[in-house]
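What follows is each chain in one-letter form.
2 protein chains.
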Amino acid sequence: MNETLKFLLDDAAMPRAWYNLVADLPVAPPPVLHPGTRAPLAPSELEPLFPRAVIEQEMSAERYIDIPEPVQAIYRQWRPSPLHRARRLERALDTPARIYYKYEGVSPCGSHKPNTAIPQAFYSKQEGVKRIATETGAGQWGSSLALAGAFFGLEIEVFMVKVSYQQKPYRRAYMESFGARCIASPSMETAAGRGILAQHPDSTGSLGIAISEAVERAAQNADTKYALGSVLNHVLLHQTVIGLEAIRQFDRANDYPEIVIACTGGGSNFGGLVFPFLGSQLRGGPRVRAIAVEPANCPTLTQGRYAYDFGDTAHLTPLMKMHTLGSGFIPPGFHAGGLRYHGMAPLVSLVVDLGLAEARACHQRECFEAGLTFARAEGILPAPESNHAVRVGIDEALKCKAEGRSRSILIGLSGHADFDMQAYSDYQAGVLHDHTYELADLERALAALPSAE
Amino acid sequence: MNETLKFLLDDAAMPRAWYNLVADLPVAPPPVLHPGTRAPLAPSELEPLFPRAVIEQEMSAERYIDIPEPVQAIYRQWRPSPLHRARRLERALDTPARIYYKYEGVSPCGSHKPNTAIPQAFYSKQEGVKRIATETGAGQWGSSLALAGAFFGLEIEVFMVKVSYQQKPYRRAYMESFGARCIASPSMETAAGRGILAQHPDSTGSLGIAISEAVERAAQNADTKYALGSVLNHVLLHQTVIGLEAIRQFDRANDYPEIVIACTGGGSNFGGLVFPFLGSQLRGGPRVRAIAVEPANCPTLTQGRYAYDFGDTAHLTPLMKMHTLGSGFIPPGFHAGGLRYHGMAPLVSLVVDLGLAEARACHQRECFEAGLTFARAEGILPAPESNHAVRVGIDEALKCKAEGRSRSILIGLSGHADFDMQAYSDYQAGVLHDHTYELADLERALAALPSAE
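Line by line, the protein sequences give chains A and B. Okay, so the first sequence: first residue is 1 according to the working numbering, each after it adds one. Okay, so the second sequence: first residue is 1 according to the working numbering, each after it adds one.
Hints were generated in silico from the structure; no laboratory data involved. A couple of the hints might just be wrong.
Identical chains share a label here; the pair holds if one copy fits it or two copies do between them.
Taking lysine-lysine pairs in the DSBU-like style, the calculated list, with each CA pair at most 35 Å apart, reads [what the hints assert, rightly or not]:
#: 1; residue 1: K130; residue 2: K399
#: 2; residue 1: K401; residue 2: K130
#: 3; residue 1: K321; residue 2: K130
#: 4; residue 1: K130; residue 2: K6
#: 5; residue 1: K6; residue 2: K399
#: 6; residue 1: K401; residue 2: K6
My request is simple: use the sequences and hints to build the entire structure.
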């Protein structure tokens with residue numbers, strides 16, 4: 001009666017190379033620009049921040065890039081992640097749709113983030129780095145890098161957005177359990193942090209500020225590199241293990257998705273799941289409808305501008321062409337902390353600009369409602385971020401019902417909600433609301449976008 | 001360099017029947033007695049509490065009992081759970097031991113508890129039950145039954161020990177997300193609860209009290225049954241999927257454990273992992289050293305008496321012969337909430353009494369220390385309960401090092417710590433202590449043991 005089919009792969013069938021969408025795109029991605037000169041950045045200019053192997057991947061146009069064996073060995077601890085057929089959810093919705101979900105919550109940290117934390121730590125270690133500095137908002141990325149640091153014997157410093165540092169002591173305890181050092185951002189430890197605190201002593205921080213602090217820390221210490229958990233090409237590259245596995249798993253299920261849905265904050269979860277499907281399509285394979293789902297309160301793809309912008313608040317990062325709300329935009333409070341970022345991965349932005357993917361924005365209450373429907377059918381309480389994909393997945397399945405058509409729908413379930421129970425508690429108590437940002441704030445942030453000239 | 005081997009099974013190789021140790025024991029288990037007459041209990045006398053299929057299993061001496069196909073279908077969502085070779089931990093300890101762990105944290109609730117929640121809900125549904133009442137301490141069992149209730153369309157009422165209800169709002173939110181109703185125990189909803197509150201208005205509850213309330217609720221409502229998450233024969237039976245899988249996985253790893261270690265609270269995690277190995281030994285297979293690890297502050301096997309006792313505080317349950325500290329014993333505070341029970345599964349008690357397993361008691365600080373060592377090597381932060389097994393596993397591995405011998409050690413990792421971060425936070429802040437119970441309290445509780453005559 002109640003059953004969920006699971007399509008696992010043998011370890012032997014796990015991808016041995018990551019997939020790089022750049023190789024199959026009809027246009028070359030716009031170059032990354034130096035924040036001072038506005039000239040295209042030379043790879044060597046990134047060396048203070050990233051290991052050379054990572055910079056090479058960031059700039060690569062090779063279709064496949066080998067996954068180092070030590071990284072594969074760690075991936076095998078939880079990968080391939082399961083692809084489930086959500087038969088109980090289908091029955092609950094009474095839909096003819098065939099709903100699948102690819103579940104990344106089986107990783108040690110409960111999200112997709114270790115897929116890139118592990119290789120980033122590996123390459124740093126290989127090049128003699130002692131310490132990695134990074135930022136974290138919701139804590140999923142910081143936890144994953146803390147784990148990777150423990151595996152490879154690297155010191156990890158996590159600049160944690162102050163409001164999360166205060167409100168999520170358990171995430172902090174988790175990172176510290178793996179030996180990482182957490183610093184509430186803005187902090188007095190960096191010039192960027194001190195600058196913010198001088199102007200706003202009560203600042204509760206933002207991802208943009210925390211990035212500034214971590215970047216500064218790496219730039220000023222020869223034994224320290226920086227690591228980012230989303231946005232950049234190499235991060236999306238590492239995440240493609242998700243989609244590559246899914247394609248093989250669909251093959252085993254004798255099916256193929258017509259619609260592929262993932263949430264987007266910085267874009268790595270979306271890129272990781274969707275790019276291998278888009279690549280296949282661009283090489284003549286079956287078409288997929290790719291849907292990027294973002295929070296209505298941080299609507300980078302649906303309300304932002306496709307323009308050059310900084311990745312951080314203090315304007316220390318290079319300029320990237322991306323969908324952005326302006327680096328000065330501070331989204332109002334909502335629970336999907338992993339989706340609170342003013343910009344979007346340049347590659348995801350380009351894919352949307354080229355019409356290869358569509359974007360949709362959802363409010364948080366409708367997302368939590370969908371998450372509970374999913375949980376009671378499938379037994380997994382999705383992370384608030386993942387609920388965005390679940391919402392649109394359920395909507396598409398209900399459309400199938402209205403049209404009497406059986407479509408195959410793939411939902412990217414990026415993680416579980418074990419560290420997000422306050423959000424579910426608030427939702428069920430009826431105290432979780434759909435605030436909206438002030439249009440004037442968005443217009444001001446967009447007006448302040450840098451000129452690329 | 002860093003690698004963890006994983007021994008999965010194909011779904012097709014998953015056990016299709018549970019294993020019942022009673023069939024292979026050299027003696028018959030002592031009968032369960034009626035709390036009033038002290039005569040052996042007739043199966044029909046349990047019908048107000050349990051579905052008939054469950055009562056049959058409770059009393060069965062059949063070696064194998066088929067797992068119903070709908071239960072197998074749900075098991076397949078996360079089973080077979082992985083058996084990992086802990087190579088990174090071996091290297092961190094520099095031991096010649098071969099350390100393995102069987103990881104139940106991959107279940108939807110993050111522990112082994114769904115293995116029995118699913119079949120118990122299935123049998124209730126099959127027999128037309130509308131509602132299941134239960135108790136929960138740490139919340140792992142309540143969460144698992146909430147999940148099972150959502151799958152089968154049953155109402156779930158969870159009497160949650162009041163101190164947990166107050167200190168673990170996230171566990172409560174989790175259960176409520178799956179549609180369960182949580183009641184702080186002692187409550188005014190039952191005579192047992194009202195009786196306690198009349199005497200102790202400030203009572204923060206205990207597992208024994210919560211059991212009394214749930215049992216009363218089921219006994220007085222024809223459409224309501226009771227479910228227990230440990231202790232009873234049928235619960236241990238359902239958990240044997242763990243050990244049955246492990247045996248097949250060791251076969252695939254071309255190895256076999258010399259030592260099998262699991263933590264014990266009520267005994268279902270221990271029985272589930274260890275009984276299939278003991279059964280194989282009793283039928284002429286290889287010998288294993290089975291070690292049950294319990295908290296030094298609730299030392300049922302090492303300091304309790306092997307005697308008839310009640311399972312609850314209000315003395316509503318039948319009398320079982322088991323290792324017990326006395327149903328009036330209240331253990332001092334410690335973080336492994338799943339191990340805070342005055343009694344022990346009658347089958348685990350018998351196995352220890354027969355010398356087929358040994359028992360060891362550990363204090364919580366040494367367990368958390370071991371848990372952090374494990375986490376930094378293997379990437380999984382174990383539940384406080386599981387840390388007890390990890391502690392002894394590491395001790396045995398270090399003994400191998402001292403003796404220069406390579407032994408194969410299997411650790412039962414019953415769950416992860418996502419909902420136990422306060423404990424890790426306290427440990428790392430140095431505010432987690434090893435309180436000890438008062439000997440006089442234990443002596444008083446033991447002196448009050450009922451006579452079986």
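Fill in: Violating hint indices (sorted, rising)
none
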